[in-house]
Amino acid sequence: MKTLFTELEFHQLRKATENTPGDAFMMQKDAQSGRLIAVLSDGLGSGVKANILANMTARMAIRFAESNTGFLHYAKIIMNALPVCRVRKIAYATFTVIDCRHDGTVQIVEQGSPPFILLRGGVPLDIPCTEYGNNTPQDYRKLRVYHFTAQPEDRILFFSDGVTEAGMGSHRYPLGWRRQGCAEFIQARVAENKGLSARKAAEAIVHEAVCKEPGQRACDDISCAVLYFRTPRRTLLASGPPFSESADAEYAELIRSFDGTKIISGGTSADIVARELKRPIHTELFRFRKSALPPVSSMTGIDLVTEGILTLTAVLNLLEGNKHYTQVNAATLLAERLRDSDEIHLLVGTKINQAHQDPSLPIELEIRRSLMRRIATTLEERYFKEVKLEFI
Amino acid sequence: MKKTTVTICTGTTCYIMGASHLQRLDEVLDPALLEQVEIVGSRCLGYCDANGHGKAPFVKVDDQLIADATLDKVLAQIRKTLAKGAL
Numbered sequence: 089m090k091t092l093f094t095e096l097e098f099h100q101l102r103k104a105t106e107n108t109p110g111d112a113f114m115m116q117k118d119a120q121s122g123r124l125i126a127v128l129s130d131g132l133g134s135g136v137k138a139n140i141l142a143n144m145t146a147r148m149a150i151r152f153a154e155s156n157t158g159f160l161h162y163a164k165i166i167m168n169a170l171p172v173c174r175v176r177k178i179a180y181a182t183f184t185v186i187d188c189r190h191d192g193t194v195q196i197v198e199q200g201s202p203p204f205i206l207l208r209g210g211v212p213l214d215i216p217c218t219e220y221g222n223n224t225p226q227d228y229r230k231l232r233v234y235h236f237t238a239q240p241e242d243r244i245l246f247f248s249d250g251v252t253e254a255g256m257g258s259h260r261y262p263l264g265w266r267r268q269g270c271a272e273f274i275q276a277r278v279a280e281n282k283g284l285s286a287r288k289a290a291e292a293i294v295h296e297a298v299c300k301e302p303g304q305r306a307c308d309d310i311s312c313a314v315l316y317f318r319t320p321r322r323t324l325l326a327s328g329p330p331f332s333e334s335a336d337a338e339y340a341e342l343i344r345s346f347d348g349t350k351i352i353s354g355g356t357s358a359d360i361v362a363r364e365l366k367r368p369i370h371t372e373l374f375r376f377r378k379s380a381l382p383p384v385s386s387m388t389g390i391d392l393v394t395e396g397i398l399t400l401t402a403v404l405n406l407l408e409g410n411k412h413y414t415q416v417n418a419a420t421l422l423a424e425r426l427r428d429s430d431e432i433h434l435l436v437g438t439k440i441n442q443a444h445q446d447p448s449l450p451i452e453l454e455i456r457r458s459l460m461r462r463i464a465t466t467l468e469e470r471y472f473k474e475v476k477l478e479f480i
Numbered sequence: 002m003k004k005t006t007v008t009i010c011t012g013t014t015c016y017i018m019g020a021s022h023l024q025r026l027d028e029v030l031d032p033a034l035l036e037q038v039e040i041v042g043s044r045c046l047g048y049c050d051a052n053g054h055g056k057a058p059f060v061k062v063d064d065q066l067i068a069d070a071t072l073d074k075v076l077a078q079i080r081k082t083l084a085k086g087a088l
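Protein chains in written order, with this note's numbering: chain A, 89 to 480; chain B, 2 to 88.
Rather than coming from a laboratory, the hints here were simulated on the basis of the structure. Some hints here could point you the wrong way.
Unchecked claim - Residues from chain A that face chain B, not an exhaustive set, calculated with beta carbons under 8 Å:
hint, residue
1, 385
2, 396
3, 441
4, 451
Beta carbons are placed, not taken as given, at the ideal position from N, Cα and C, and that holds for glycine.
Produce the complete structure using the sequences and hints provided.
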């Protein structure tokens, strides 16, 4: 189990008439223990009120789960802590708490949310649950608790009722898409693409759900999270020439022998590798010509070759969510590769390009070393990637 | 007939100093001339980092280096090179 990587991704569409989603998703990973906790909560109603309920619930649940408080105890505290809705006279938010340990043991606690789907070997598998709660009309709270050990290639999908109830009342889906419809959909998608990432799976489910809604406008918040236990996908991103030319051969060999996706960001770095490995390199001048970023190049055995500083700056902005491109370019390709990877090795050449220090340049170019450090931090903290930063 | 090679440097410095506009060369080149040239992109040619070559962006028309290149300068050099070749 130690070799498995847990890819956890979330996608959401808010109710079409609201400006704020009423579902909240939170996750945290303990770098030391490898424990991963994620919560999805759906607040009563929609809009700001639901958002507050959902966020309060998710935050409390994640803290309680982290502190190993018993779920029966914390579920009660959460319910008693939520403000009571003036209209409905109840305080309510559903939640699903996924608690995954490094050894692969998983505990899932659900309160009011649709039951999660476990896809094992690409097929939905029902896991027995224990139910808690007195199930009386006075008490609307009922907990379902599941324990199991994850297997390689398992996918856990959990979602708000916006997914299962999508299209409800329509001729085709009188009772909504339902959990069964969602399970069949994702089973078919995984059959087409065995390596379907958690991110793409979550996006596909949300997209499919909204397509079932009248006029394709979400009638409720539609949220889906996917946790995928997969064999780590490894990527090497090399950028910058080595400090000493005597390390050029070692640099090229590190890249050549890497087992995984290989990316070079930097023209001079790419030329060094091409020279050392005696491989032809070709710049695709007219591909992405309107992209406002330098073109990509191609070299046998290397998955992506881009320019350095400008492209990496754009990649950092993309990863931080500060920038969006409507068209594919070198940076979107690179960011996509990084997001689809689990273990990322950043190999940073430390030779300073004197031309970049010229004060007459129209824009300020960041120092490669600090740029790569910031990319590493973002990949670790925002995307939970395992990152190794090496300077040469 | 051997074509004249126009090499546009797309290294970081050249790109921000104007090479991004030079990528439009094929759009502004007369179709009759376009048939006689091959436009290629290049990683950093190294001129920006060495003294004595002038300012970026750099373009080469065959072996002739153009510093501080603009579309007009490149077009003029292409015509000159082709005219010389026609003699």
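For each hint, the structure was consulted:
no., hint, verdict
1, 385, "holds, 7 Å"
2, 396, "holds, 6 Å"
3, 441, "holds, 6 Å"
4, 451, "holds, 6 Å"
Hint compliance for this structure: no hint is broken.
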